[in-house]
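Sequence lines, in order, name chains A and B.
Note that my numbering has the first sequence beginning at 1, numbered continuously upward.
Note that my numbering has the second sequence beginning at 540, numbered continuously upward.
No wet-lab data here; the hints were simulated from the structure.
Treat the hints with caution; some may be incorrect.
Per the computed footprint, the stretches of chain B lying under chain A, defined by three or more beta-carbons under 8 angstroms from a beta-carbon of chain A, are [said to hold, decoys possible]:
{"hint": "1", "segment": "566–573"}
{"hint": "2", "segment": "589–602"}
{"hint": "3", "segment": "646–654"}
{"hint": "4", "segment": "703–709"}
{"hint": "5", "segment": "765–771"}
{"hint": "6", "segment": "801–811"}
In the EDC-like style, the derived pairs of lysine to aspartate or glutamate whose C-alpha atoms are separated by at most 20 angstroms in a straight line are [what the hints assert, rightly or not]:
{"hint": "7", "chain 1": "B", "residue 1": "Lys775", "chain 2": "B", "residue 2": "Glu749"}
{"hint": "8", "chain 1": "A", "residue 1": "Lys152", "chain 2": "A", "residue 2": "Asp92"}
{"hint": "9", "chain 1": "B", "residue 1": "Lys592", "chain 2": "A", "residue 2": "Asp126"}
{"hint": "10", "chain 1": "A", "residue 1": "Lys234", "chain 2": "A", "residue 2": "Asp108"}
{"hint": "11", "chain 1": "A", "residue 1": "Lys321", "chain 2": "A", "residue 2": "Glu362"}
{"hint": "12", "chain 1": "A", "residue 1": "Lys399", "chain 2": "A", "residue 2": "Asp352"}
{"hint": "13", "chain 1": "A", "residue 1": "Lys353", "chain 2": "A", "residue 2": "Asp126"}
{"hint": "14", "chain 1": "A", "residue 1": "Lys374", "chain 2": "A", "residue 2": "Glu406"}
{"hint": "15", "chain 1": "B", "residue 1": "Lys592", "chain 2": "A", "residue 2": "Glu195"}
{"hint": "16", "chain 1": "B", "residue 1": "Lys592", "chain 2": "A", "residue 2": "Glu128"}
{"hint": "17", "chain 1": "A", "residue 1": "Lys234", "chain 2": "A", "residue 2": "Glu223"}
{"hint": "18", "chain 1": "B", "residue 1": "Lys610", "chain 2": "A", "residue 2": "Glu195"}
Virtual Cβ for every residue (Gly too), placed ideally from N, Cα, C.
For reference, the chains in residue letters:
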Amino acid sequence: MTLRRLLLAACLATMPALAGPSTAQAQGTIRIGMTAADIPLTHGQPDQGFEGNRFTGIPLYDALTAWDLSAADKPSVVIPGLATEWAVDEADKTRWVFRLRPGVTFHDGTPFNADAVVWNVRKVLDREAPHYDPRQVGLTASRMPALRRAEKIDDLTVALFTSEPDSLLPINLTNLFMASPAHWEKLRAGAANAETAWNAFAANPSGTGPFRLTRFVARERVEMVRNDAYWGTKAKAERIVLLPIPEANARTAALLSGQVDWIEAPSPDAVPQLRSRSMVITQNLQPHVWPWQPCFTAGNPLADVRVRRALNLAIDHDGLKQLLGGFMVAPVGTVAPGHPWWGNPSFQIRTDKAEAQRLLAEAGYTPQRPLNLKVQISASGSGQMQPLTMNEFLQQDLKTIGVNVEFDVVDWNTLFTNWRQGCQAASARGAHATNVSFAAMDPFFAMVRFWDSRMAPPVSNNWGHFNDPRFDAMIREARNTFDPAARDAALARLHAAGVDEALFIWIAHDVSPRAMSPRIRGYVQPQSWFVDLRLPYVQ
Amino acid sequence: MILYLLRRLFYAVPIALAVGFVCFMLVQIAPGDPINAIVPPDAPADVVEQVRKDYGLDKPLPVQFGLWLLKVVQGDLGRSLATGRPVWSDLQTAIGNTLMLAFAASSLGFVLGCVLGGLAGTFRGSVLDRTAVGVAVAGVSVPHYWLGMVMVVIFSVQLNWLPAMGAGPGGSSDWSWDWEHIQHLVLPMLTLSVIPMGIVTRTVRGIVAEIMNQEFVVALRGKGLTRMGVFLHVVKNAAPNALAVMGLQLGYLMGGSILVETVFSWPGTGLLLNSAIFQRDLPVLQGTILVLAMFFVALNLIVDLVQTTLDPRIKRA
Numbered sequence: 001m002t003l004r005r006l007l008l009a010a011c012l013a014t015m016p017a018l019a020g021p022s023t024a025q026a027q028g029t030i031r032i033g034m035t036a037a038d039i040p041l042t043h044g045q046p047d048q049g050f051e052g053n054r055f056t057g058i059p060l061y062d063a064l065t066a067w068d069l070s071a072a073d074k075p076s077v078v079i080p081g082l083a084t085e086w087a088v089d090e091a092d093k094t095r096w097v098f099r100l101r102p103g104v105t106f107h108d109g110t111p112f113n114a115d116a117v118v119w120n121v122r123k124v125l126d127r128e129a130p131h132y133d134p135r136q137v138g139l140t141a142s143r144m145p146a147l148r149r150a151e152k153i154d155d156l157t158v159a160l161f162t163s164e165p166d167s168l169l170p171i172n173l174t175n176l177f178m179a180s181p182a183h184w185e186k187l188r189a190g191a192a193n194a195e196t197a198w199n200a201f202a203a204n205p206s207g208t209g210p211f212r213l214t215r216f217v218a219r220e221r222v223e224m225v226r227n228d229a230y231w232g233t234k235a236k237a238e239r240i241v242l243l244p245i246p247e248a249n250a251r252t253a254a255l256l257s258g259q260v261d262w263i264e265a266p267s268p269d270a271v272p273q274l275r276s277r278s279m280v281i282t283q284n285l286q287p288h289v290w291p292w293q294p295c296f297t298a299g300n301p302l303a304d305v306r307v308r309r310a311l312n313l314a315i316d317h318d319g320l321k322q323l324l325g326g327f328m329v330a331p332v333g334t335v336a337p338g339h340p341w342w343g344n345p346s347f348q349i350r351t352d353k354a355e356a357q358r359l360l361a362e363a364g365y366t367p368q369r370p371l372n373l374k375v376q377i378s379a380s381g382s383g384q385m386q387p388l389t390m391n392e393f394l395q396q397d398l399k400t401i402g403v404n405v406e407f408d409v410v411d412w413n414t415l416f417t418n419w420r421q422g423c424q425a426a427s428a429r430g431a432h433a434t435n436v437s438f439a440a441m442d443p444f445f446a447m448v449r450f451w452d453s454r455m456a457p458p459v460s461n462n463w464g465h466f467n468d469p470r471f472d473a474m475i476r477e478a479r480n481t482f483d484p485a486a487r488d489a490a491l492a493r494l495h496a497a498g499v500d501e502a503l504f505i506w507i508a509h510d511v512s513p514r515a516m517s518p519r520i521r522g523y524v525q526p527q528s529w530f531v532d533l534r535l536p537y538v539q
Numbered sequence: 540m541i542l543y544l545l546r547r548l549f550y551a552v553p554i555a556l557a558v559g560f561v562c563f564m565l566v567q568i569a570p571g572d573p574i575n576a577i578v579p580p581d582a583p584a585d586v587v588e589q590v591r592k593d594y595g596l597d598k599p600l601p602v603q604f605g606l607w608l609l610k611v612v613q614g615d616l617g618r619s620l621a622t623g624r625p626v627w628s629d630l631q632t633a634i635g636n637t638l639m640l641a642f643a644a645s646s647l648g649f650v651l652g653c654v655l656g657g658l659a660g661t662f663r664g665s666v667l668d669r670t671a672v673g674v675a676v677a678g679v680s681v682p683h684y685w686l687g688m689v690m691v692v693i694f695s696v697q698l699n700w701l702p703a704m705g706a707g708p709g710g711s712s713d714w715s716w717d718w719e720h721i722q723h724l725v726l727p728m729l730t731l732s733v734i735p736m737g738i739v740t741r742t743v744r745g746i747v748a749e750i751m752n753q754e755f756v757v758a759l760r761g762k763g764l765t766r767m768g769v770f771l772h773v774v775k776n777a778a779p780n781a782l783a784v785m786g787l788q789l790g791y792l793m794g795g796s797i798l799v800e801t802v803f804s805w806p807g808t809g810l811l812l813n814s815a816i817f818q819r820d821l822p823v824l825q826g827t828i829l830v831l832a833m834f835f836v837a838l839n840l841i842v843d844l845v846q847t848t849l850d851p852r853i854k855r856a
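This is chain B alone, in the form it adopts within the complex (with noise of 0.2 angstroms):
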């Protein structure tokens, strides 16, 4: 185990190398210019050139890049060409925020998609069944930043129950888990987690059903055992698989959705990422694509794990 845990976290050096090279590239190639994080549009050729060098973006290409990853060895995510601050301030507080808001909508997700999953598979064909599916299709096809629209429109415009936006009365910095903070989070929670619990359900449904239909259950039956004792074993076959899904749910989750935050104004690493990409801010960028991409590689080595230790038949080398 412990031969597999230090081979999965080699593996993690070329995944976050290509990542901050692919993420590197892409800037470089898309149109526009990171100059313009710094100088107006207006501002004469001379003095362009002049940000452009003190800034170190008249280098070559592979020697920016290799500035970069010798700074991020030593822990250094560079400063934002915007605003100068250091990328790992900012992206600390966005990265607590979405994780604070990726829990919170995975937990609402998983939980209900797999009661419904779970009811759905037990009783397959019903009108249960049906429901539930209705509910998680309807799930992964409303455009979720639609979804939160209309909610700010009817829980914030018209009933006036909950906040429109932000993280806080104060901001995000003093937050604090009381009512008057927690309630900024209900309206994103709700947008994010019908995703989520859309797939679940659909997932879990599919598992339980199958599962059902395998003779040891009806063996289970047959010798007599109880319908919560059967549930049991069931919830115990399809514990695995439902959770790599639920993994890969909540590493989607904790990149930040970018439309989501921004109609609520959550400020997430979806937020800081729509504001570096349309200001061409490549040290928030990459910074924040590396650390989002490693959050997902160590979520899939604990999934992996927790599979394992759920079911010993997933052996690992």
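Next up, chain A with everything else stripped away, as it sits in the complex (with noise of 0.2 angstroms):
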């Protein structure tokens, strides 16, 4: 046998061997390539932003309160979770009642109730209970900064106090995850500490949610099998197995290769290529707000007005969008309209680019004397889009009008660490604008906590300085208006003046692209930052 013979003979026997990696997959089974690094926290209070509350929260755990998820066309509104119904104590607005679920176990089989109800408040709030555990305080605490203490009632009815009289906190409450207090104290037993029996609990959690955790690798795994003791409807596919995949190209790839049937976030430019290869691309509106946040200081160009409206109307969204392969969703405002909290602003933010140098010319600003601005940028980022590209079209097309921008970028965990400094620390640069992304979901972060002049730094993220009575008295009356469709009015009106006074620069919304293999079925994006993985299934 020739040379040649033998290595044609030892690529051929190599040929079955190479014919591709095992795609037999059992029938049921959603493979899902998350954008995050690490698997989030399973342990029932999930970091990696929402996409752990997407993917390791709601799927094991239930909340007291939660997202309706069921539809891709209307706001996703806050539905009853593991409480049927609340209130507030009419004599005393700090106290609310909950009413529990009956008949909910959790993954373990012990029973869901008030007890446990106190037990998960304690958890984060109560240094001195012995299964205080500080890391889900910074991951929750921040999410429901009114809610102080859990009282039990009965066996099934809580009581939950607030600092104030705050009507936000069932909103709230979607971010505090039910674990299995009898689970934690099992665990407990064989563990030094308690540190160490919430390490033993996220490897081995149990929660109420639709899926029981089956399988944990630090870093690379997390296999979750359907709970078929689910107390609601139950899900579709058997099983899911969550990969972190950071790379977005890796992330192509493995769906491509049919390592995974769904993909988060594909980059714009690999989707020609997936809907080529019949991958189903879906997106929704999200509240996801993509803007520069201004700085209202005295001397800031931003603090006047007319510039803010300016800018508003100079950008050109349909080229932007263009930009983005179509991902991205005109804003008029932080919600949209049709939303709850809309209002109905006069001010209607759209691209006229006459306008916005007629605004500019009376706020003082000509070719003679253009607008200088300076924007504190980051280069990539969780939920930041595409950054860089965004920002650098802008800084295009605003030169149109005459307009200067120059970037200060830093990196993601820089510019986070500086939006709770202020536009008055040294950390901002002289900056005129931040531009951090941020969900929506929730009116204190999304309205409250950039237009309550007492949410200025180092409180929250006030980060311009933004200082107005009306504001305030706008905020203060929302949050004491208890029954929800004035709450929602009250919001609503408060909306409306942030927009007429254009208290952002509203560039962009996400709409959370994601790709999917055809054999998914029954997948329905809400227009939400979650995903209610009980309805899709693998045909």
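Using the hints, put the two chains back together into the complex; each one sits in its own frame.
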């Protein structure tokens, strides 16, 4: 046998082995490539932002209240979760009574009741509690800033107390997931301390959610199976596998090579190729705002409402959308028309460069005296969409109306840190605006923390030190209005006023693109950061 | 020899201290805040301060460093700020995965490098030499993360022959040496091997060419030694220097390639460092860098000892 024939034979012999990675998967298994670099925490209060809540929060756990994720064509609103109803105490507006859902059990078989609620509140708010976990405090307490303690009334009724009257509590409570106290106590018995017990709990968690965790490989994968004892509608898929794949090209390759069935945030560049291979691309309006947040301090050009309005009118949203492969929605405010908090503002955000130039001229900015802006941005970052590309587009776009934009590019972690310090701090380095995208599902995070003068740094994210007593009064009114419809009306007035004052330069709303195999059926992408993993299945 | 060994081991102590200190200070000097690994950016100031206190991040920097050092001396690298897991448990798995990849890539790179370099040095000026040099230059010059992406596009996306990412169908925890798992290793191994292959090729070529011109080789030929006999003498003389270069290359690969491991989602030290850097997860950063530095020190020591064994002219006091 000649050498050439020998080589040919060797190649042919290896061909079957090279035929491809094992594609045989159990029916009903959905493998998801996440953007996170690590598995979001599984002990009940996920990290990794809302991607954590999406994949290791809601599927494994329930909260007292939940988001309605069943429909794509209407805003996602708060619905009953482990609590079936709730009301504020008319005599004491800092006391809420929640009635709990009967017959719910944790994955370990123990019952969910008022004791479990009190235990879960104490895990993040009571430093004296044996199961207090500082790690979970940071991930939870900030999302329910008014909650102080819980008290059992009877087995299925619990009272929750807030630091001040706050009608937003039921919305905030979607973030407090209920972990099994009995399971934790059992693990605590074999652990050196509470922290070790929580680590053991994270590897072997017990919630009440529609999926149970069956396998946890740190930094690599999590496997969950359907909870057949779930109290609500059971999941259609038998098994979910979550894989952290932070690199966008690696996620795309994993989908195209059949290693995963679903990827988060495909790169816009990859979408034509994904479509050509019959992959399904999904998107929907997400309460995810991508703005420039102005600095309002005296002497700052963005303290002038005419300049803020001009910038809102100057942006070529269609061009930006084209740049992003269609994966954005042109914003008209923090929420969209049709949302309960929309409020019908009089200032209409649109592309109108002539009007923008007129407003700039009125504010004293002309070609001879152009507006020079400095914006602090990041080159990348979780949820930041494509910050460098988008900002460079804006820089070129605004140049056409005589606005010169300079960027101070810092890394994502630094931008976060600076966000807490405000535009007057040295860390802002003289920036007139900052570019941190944010979630707007909850009124506190959508509006209150930016427009309440009490939220100026270092308290919260009023980076621009906005201070207007009218807005403080509107926020107080909203937080003190306990009828949900009246509260939404108060929030709508707040939002409309915010748009009229152009308190942000609203640039884009994210649409949370996903790519998935055509074998995935039943998937619904709600107008939310979250997804109901009970709905999709593999054909 | 024993005294030399002890002295080298003793030198490792100040190196470890310096590495730990420099790493700690670099993270402190860098903009950003480790607290971001624990609390979301929208957390109010009181929550941030409470968590900062709970984690001891409010203590003066020398105290924080001292406490960390005290734990390290007791064999405890601390816990990740982001996940709460012991650094050592994550690090153990990551090191195992990186070692597997590094040994596979370096074995391939060294074998190819020695063969190409040896041939090029022996037949200097020939087409073979020019081809080998061309391959070596390309190996050193091509960005390996780019090469990795190209190979993924060809072998995973287009041909569907090899998996694009991961360390096995069920993760690295159930790794076994069968094709189902090994196929996950192939693309990262090929990608990572090109740089050591290029460097070793060039080094071996230079050494072999130099030795081939020395008088003792002419004498060996003059005495009628066969080509294989001369080649063995050349190899013996070239080995110590080539070994030193290979040792360094293996050290670099053991450190994990952040880019290659990220491209292939290979759960090694590179990927661990990548996420720790972005999260400012100080204990993970410090622990990982310290352990990798110690690996590097140990590897250099081993290379030195092997060099001494191969070439008795290299004396150790």
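Evaluated hints:
1. With 3 residues having a Cβ less than 8 angstroms from any Cβ of chain A, the segment 566–573 of chain B passes the three-residue criterion, so the hint holds.
2. Under the rule that three or more residues need a Cβ within less than 8 angstroms of chain A, the assignment of the segment 589–602 of chain B holds, with 4 such residues.
3. For a cut-off of 8 angstroms, the count of residues in the segment 646–654 of chain B with a CB near a CB of chain A stands at 0, and the three-residue condition is violated.
4. Here's how the segment 703–709 of chain B fares: 6 of its residues keep a CB closer than 8 angstroms to some CB of chain A, so the rule of at least three is met and the hint holds.
5. Given as covered by chain A, the segment 765–771 of chain B fails the check, having 0 residues with a CB less than 8 angstroms from a CB of that chain where 3 are the minimum.
6. Given a C-beta distance limit of less than 8 angstroms, the hint that chain A covers the segment 801–811 of chain B holds, as 7 residues qualify and 3 suffice.
7. For a cut-off of 20 angstroms, the pair hint linking Lys775 (chain B) to Glu749 (chain B) stands: about 13 angstroms separates their Cα positions.
8. A distance of roughly 17 angstroms separates the Cα atoms of Lys152 (chain A) and Asp92 (chain A); the hinted pair therefore holds under the 20 angstroms criterion.
9. Only pairs whose Cα atoms come within 20 angstroms are accepted, and Lys592 (chain B) paired with Asp126 (chain A) is accepted, the gap being roughly 15 angstroms.
10. A hinted pair counts as satisfied when its Cα atoms are at most 20 angstroms apart, and Lys234 (chain A) with Asp108 (chain A) qualifies at roughly 17 angstroms.
11. Distance hint between Lys321 (chain A) and Glu362 (chain A) is unfulfilled; the C-alpha atoms sit about 29 angstroms from each other, more than 20 angstroms.
12. At most 20 angstroms may separate the alpha-carbon atoms for a hinted pair to count; Lys399 (chain A) and Asp352 (chain A) meet this at roughly 15 angstroms.
13. Distance restraint check for Lys353 (chain A) and Asp126 (chain A): the Cα-Cα separation of roughly 54 angstroms exceeds the 20 angstroms cut-off, and the hinted pair is therefore not satisfied.
14. With a C-alpha separation of about 5 angstroms, the suggested pair Lys374 (chain A) and Glu406 (chain A) falls inside the 20 angstroms cut-off, and the hint holds.
15. For the proposed pair Lys592 (chain B) and Glu195 (chain A), the alpha carbon gap of about 16 angstroms is at most 20 angstroms, so the pair holds.
16. Straight-line distance between C-alpha atoms of Lys592 (chain B) and Glu128 (chain A) comes to about 15 angstroms, which keeps the hinted pair within the 20 angstroms bound.
17. Under the criterion of a C-alpha separation no larger than 20 angstroms, the hint pairing Lys234 (chain A) with Glu223 (chain A) is consistent with the structure, at around 17 angstroms.
18. As the CA atoms of Lys610 (chain B) and Glu195 (chain A) are separated by approximately 17 angstroms, the hinted pair is consistent with the 20 angstroms bound.
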